[in-house]
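K.L.:
One-letter residues, chain by chain:
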Amino acid sequence: MTQSMIRMENIHKSFGTNHVLRGLDLEIARGSSMVIIGGSGTGKSIALKCILGLVQQDSGTITVDGKDASSGDRDAFLARFGMLFQGAALFDSLPVWQNVAFRLLRGSLKRPKEEARQIAIDKLRRVGLRADVADRFPAELSGGMQKRVGLARAIAAEPEIIFFDEPTTGLDPIMSGVINDLIREIVVEMGATAMTITHDMTSVRAIADNISMLHDGVIQWTGPVADMDHSGNAYLDQFIQGRAEGPIEAVR
Amino acid sequence: MKPIALLGRTVLGMLAAIGRIALFAGRAIGHLVRPPFYGREFLSALLNIGWLSLPVVGLTAVFTGGALALQIYAGGSRFNAEAVVPQIVAVGMVRELGPVLVGLMIAARVTSSIAAEIATMKVTEQIDALVTLSTHPMKYLTVPRVLAATLVVPLLVGVGDIIGIFGGYAVATGTLGFNPAAYIRNTVNFLEPLDVISSLTKGAVFGFAAATMGCFHGMNSGRGAMGVGRATKSAVEGAAVLILAANFVLTGVFFSL
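Just so you know, the protein sequences line up as chains A and B, in that order.
FYI, in numbering that gives the first Met the number 0 the residues of the first sequence are 0 to 251.
FYI, in numbering that gives the first Met the number 0 the residues of the second sequence are 0 to 256.
Next up, chain B with everything else stripped away, as it sits in the complex (with noise of 0.2 Å):
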């Protein structure tokens, strides 16, 4: 009986998180229209979550782009295949490699780093000081965070994907012997615009995501260090599970159009 018994708070304890996680998220959307506005907490998070996050984001798709090409080229070649490096890389890129690893690399980078700060605000009674200054934490913390990651990562995610098919062009051209011009005229003859768009929200998706964990695990922290460690850890493993999962949806979702 303990199994089935403990079976069942675990699911329990999930189904409780997954519903606090979502009504989490829908304030969050629901203060997004409603004023005050945090403007430059919006640019600031901007920037962190964008700019901040480029070399990080160039650095794993070019690596990313690279070995695609020569796994592609590698495997390609037990059946005369070589020659479909340049589709299979971009598709490859530009359909699940560039959003999953970019969105993963948020979740590394900026879900960590929310909510670590956020969880520090609150063991140290700064969200606290927030709500004695007339400052609502969600309108002041979490939805500049979440607004700016969901514009912001579908960016990254472009720049992201044309980084790793460079990275795919550079090894094809280098050391494998492809022609370069027809490298790109393969590329941008092979893609088709559901490619783009379901790659961009892919990374909106993933931004909201990523931004969300790490807002709702560092609000929901518990005491001194201990706790915002383990609000840092559930935020990053929460984000990760959850772009995964919202990856496998959306692929299927638009590849069964």
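The shape of chain A in the complex, shown without the other chains (with noise of 0.2 Å):
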């Protein structure tokens, strides 16, 4: 039996009369690579921030590794997570080496300068950035090669549980196609879990092996990639097939 990395159990998150998820379930196995889907303003998002704390639930449990998520110690927690933003996330003062080291220049995981700097250099060759973008501040690069630094910086810390917000949006079919190849390589390079946010279908294909259908703050269909296009779920299947007619209403 497959051990669970991830478990959210009956999450109830309301933000005034706007009642986002409502007893969302959620099981991920360790090592495995999860894909939330859903229209937009499903709650995918904020079912993500609740994991990471960053939003607090109503009600309801979270686990990571068996151990309740909040509780314990907050940076040994969190030194476990790898997270790419929607936007990447950035931070425009500093140059992008400091950025993909931001980690390993501070706090627990705190190495030496110039020791933490060639980590960044090799997480760049990485993500299939020259070194020489490593002095570049965030605002001089292109849509693209931010979500590579991001993903560069999600992954220096070489964490357990790896994070996609989102992450081919606004990005052209090709570059979409590079970044979704790169997420797959280093989850399974890694050996990392993974959790993606998408409304993207190509990413889902190519990065997910298990998928999950979230609408109306439920999960409505969860399982294999590969099972995806003959679930026989009527939300899953006008998602995929991008129908107005379903049982998702095209006007929420």
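All the given hints hold, so there is nothing to weed out.
Here are the computed lysine-lysine pairs in the DSBU-like style, where the Cα-Cα straight-line distance is at most 35 Å:
| no. | chain 1 | residue 1 | chain 2 | residue 2 |
| --- | --- | --- | --- | --- |
| 1 | A | K112 | B | K138 |
| 2 | B | K232 | B | K1 |
| 3 | A | K109 | A | K66 |
| 4 | A | K66 | B | K138 |
| 5 | A | K109 | B | K138 |
Label-pair ranges, simulated between beta-carbon atoms:
| no. | chain 1 | residue 1 | chain 2 | residue 2 | range |
| --- | --- | --- | --- | --- | --- |
| 6 | B | L42 | A | R6 | 36 to 46 Å |
| 7 | A | D171 | B | G223 | 16 to 26 Å |
| 8 | A | S107 | B | L42 | 17 to 27 Å |
| 9 | A | T60 | B | E95 | 53 to 63 Å |
Under 8 Å between C-beta atoms, here's a sample of chain A residues computed to sit facing chain B:
| no. | residue |
| --- | --- |
| 10 | L51 |
| 11 | L53 |
| 12 | D74 |
| 13 | L77 |
| 14 | A78 |
| 15 | F80 |
| 16 | M82 |
| 17 | F84 |
| 18 | G86 |
| 19 | A88 |
| 20 | F90 |
| 21 | F101 |
| 22 | R102 |
| 23 | R105 |
| 24 | G106 |
Simulated from the structure, these hints should not be mistaken for laboratory data.
Idealized CB from N, CA, C, for every residue including glycine.
Two chains, two frames, some hints: make the complex.
P.N.:
See below:
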């Protein structure tokens, strides 16, 4: 039996009268790549932020590697995670290499500056960027390069769990393909547990081992990516086929 | 009934905002004494708030000191008291205009910059990124800025006081016929230690208020460009009002001693 790395049980989260998560249950096996799909505003990012503690759920429990995510040493907990944000979220005031090595320049994972810089350059190479990018500032990079730097930062400290929030949003199809391939390669190579949020079906097929379809605050279907096209689930079918007709209202 | 309800809601809203700002300031002070400390960010804030504010502080002070000398000379001549220009310029600059004008300039230059920077970081998820990188935003963003402003604004006020007095001196000796040596002697003899202490204390309080308001509104910014704009506007308004209110209270405290 595969051991679960992340387990979310009966998670509820509301913002005023907007009930975003209404009893979400989700389980991600260790070393697997789970992709959460669903329309805009269905709470995919909120679910991810609840795991990291960036948003506090109203009720329900989240366990990571069998331990309650809300208790214990917060720094040690976060040190297990890497995250690629939708807009890369690079720090404008720092050069690229300091963005990548941010975690290695301070806190419990601190390394000597030269070693941290070398690791940053190695990670930049791993995501297909040349060493001369290291001393540039994020504003000098294209969107695709920023995403790659964000990916290098996410893997710099060799995390056990990596989150990808809409990794291909705003990128052209070729760059999206490059990012998808990189994500897949890195996750396999590192043996990390990955959770990706997207509504890009090309990304889903490239990245996922398993997928979960989130709608109306709950998981409507979950299973291996190979079963996605013949799931028999009306929500998933409508989403995959991009139809306006179906149980998901086109105007939300 | 509606106007009363509206008044009640407004007052309650203001009290809640004051409470939130007070709690935020309390948390910032709490983090000030607990590691980790970010020395590089502190030095960067010190440079940005202190060194880079010198031109605007100097220009504001020199013009204000000069105008003050002209006004005192013109007003004093109505009852043959033109000779008090050095004393009134000195006390006016050190006790009141130096700290208040420097405080307001810091609110305009530094509070706006801090609020806009942190608000932009918030809407672009850079604050969330800091958290995922095991870095507390309060310690990394707020504490260095608040500490730097609290330490460096008194120095700016001191510099502003001196430049303002020099502005008055330049106008008085250059155009109003005052003797340079007598002007300096009168200025130095008239000022008391309490005048300088009150000036520098006001500077520290204004610096703390300006940076805290910038950080608070930046951290609590709404979404998008409009959110950043609102946060910046609210931060500058809040800092300016807080500085003027604190000035009134501190003046009352110091000169009732």
